[in-house]
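First to last, the sequence lines map onto chains A, B, C and D. In this text, residue positions in the first sequence follow my numbering: the first is 1, and each later residue adds one. In this text, residue positions in the second sequence follow my numbering: the first is 1001, and each later residue adds one. In this text, residue positions in the third sequence follow my numbering: the first is 2001, and each later residue adds one. In this text, residue positions in the fourth sequence follow my numbering: the first is 3001, and each later residue adds one.
To be clear, the hints were calculated from the coordinates, so they are not data collected in a lab. Hints may contain errors.
One side only, chain B facing chain D, incomplete, derived with CB under 10 Å [unchecked claim]:
#: 1; residue: F1007
#: 2; residue: D1012
#: 3; residue: R1017
#: 4; residue: A1038
#: 5; residue: S1052
#: 6; residue: V1053
#: 7; residue: R1060
#: 8; residue: L1077
Stretch-level coverage of chain C by chain D, calculated; a stretch enters the list once three of its residues show a Cβ under 8 Å from a Cβ in chain D [to be verified]:
#: 9; segment: 2007 to 2015
#: 10; segment: 2024 to 2033
#: 11; segment: 2099 to 2113
Listing some non-contacts, in silico: residues in chain C with all C-beta distances to chain A over 12 Å [what the hints assert, rightly or not]:
#: 12; residue: N2020
#: 13; residue: K2045
#: 14; residue: P2087
#: 15; residue: E2135
Even glycine gets a Cβ: it sits at the ideal position worked out from N, Cα and C.
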Amino acid sequence: MARLLFFGKLADLAGGRERDLPLPDTVDTVDAVIELLASEDELLGAALNEKSVRCIINERIDNTPGIVSDSDEIAFLPAVSGG
Amino acid sequence: MARLLFFGKLADLAGGRERDLPLPDTVDTVDAVIELLASEDELLGAALNEKSVRCIINERIDNTPGIVSDSDEIAFLPAVSGG
Amino acid sequence: MICVCDTPFDPGHELKAFENKADAAGAIVSFLGRVRPEANDDPVKALHLEHFPGVTQKSIEAFAVQACQRWPITQHLIIHRVGMLAPGEPIVFVCVGAAHRREAFEAADFLMDYLKTKAIFWKKEIRDSGARWVEPRGQDHVDTQRWSSK
Amino acid sequence: MICVCDTPFDPGHELKAFENKADAAGAIVSFLGRVRPEANDDPVKALHLEHFPGVTQKSIEAFAVQACQRWPITQHLIIHRVGMLAPGEPIVFVCVGAAHRREAFEAADFLMDYLKTKAIFWKKEIRDSGARWVEPRGQDHVDTQRWSSK
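Can you make the complete structure from the sequences, with help from the hints?
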């Protein structure tokens, strides 16, 4: 079971900040996860495919290879705006 | 009687921060005042002639025409260093 | 020190504490960013700031390490609020201590550009007319790019 | 506000007061310069700062007017100590408030460059080995010249 996190406007679209999602064996990349979500919710899929969206896996900020497994935490981050 | 003010290292050389000096009629420029002082004290004269020394007459910071009269306050300022 | 906090803080008090700690710094530059009060028909009533707990802090620490590598700074402090903020409240406070002022100015400026455009925060403006997520201004990105050519 | 004062002041306290007054400023940049403590055989025991009473203040006011003409700043504060200062004591504190951070940073930086090289102060370092008048560092003049080409 993968744990998905949605932040900012993505949480509004996903209807919540967290969601648990069992990943089929064929779904082993971030792109495939987005495709899976898009198949259920077109609007959310489009938002996740925006160029400004970043993905952080298991809270590793330094490298994001895009490979995921069923036990990962997968965070989707829209464009940031601090200060 | 002109009032002379010396600041920073110039006060050390002049032996004080203030001095009253009657100006002869022929002494009507800052340069002539410096010449008069130099005739009495060569070291002070040399210090006043340094390029970095500014003169402020009657506390007017905006213009310094270099013309003085016997009732003026004439301030000699060495290179500044704040902050 | 880096602190992402969900309660109000007092920049004057923080500056004083920073001064005491950064006792070798001859120059201290601080930046305070606040929720701008607006004088119009539909002003911002509140700002909601979201972060990625743990990850936001870690990423700011990485930026701060960059600043310490680029400039000989002796001390730094970054406080960033999250949660619900009212107009006028402090959002971000950055303090940098160094021997001389140029490096303190540049490092504080650098940290702020990064905090504005790269740090992991999301900002929602809440008005009577509704709420909307804010994206960084174009100017903020231009400011950040100044540092990559140096 | 411009203040040349002969008693110690508390920058944290001044920042807090400034925040309250500059309530329309979304960005506040401050600079604090202090007497640097030195770790050597003959450290500075005290700094004596002299000014030209009245004239120094007037000339700083003229600089501040220039800053206000160049940048849309909403508020400014300049405090400069004179008299005898101990290591670690605040010498100068500059606060600038503006709508956005870029203009606040630039105006504070500009004011400090001028305060360092053009404002009418004289500084004498007092050590066990004797006292000596300090002249501005070459770097300070280079910094000030940045503004004339803009």
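Going through the hints against the structure:
no., hint, in the structure
1, F1007, "holds, 6 Å"
2, D1012, "holds, 8 Å"
3, R1017, "holds, 9 Å"
4, A1038, "violated, 21 Å"
5, S1052, "holds, 8 Å"
6, V1053, "violated, 12 Å"
7, R1060, "holds, 9 Å"
8, L1077, "holds, 6 Å"
9, 2007 to 2015, "holds (count 6)"
10, 2024 to 2033, "holds (count 10)"
11, 2099 to 2113, "holds (count 9)"
12, N2020, "holds, 26 Å"
13, K2045, "holds, 18 Å"
14, P2087, "holds, 16 Å"
15, E2135, "violated, 5 Å"
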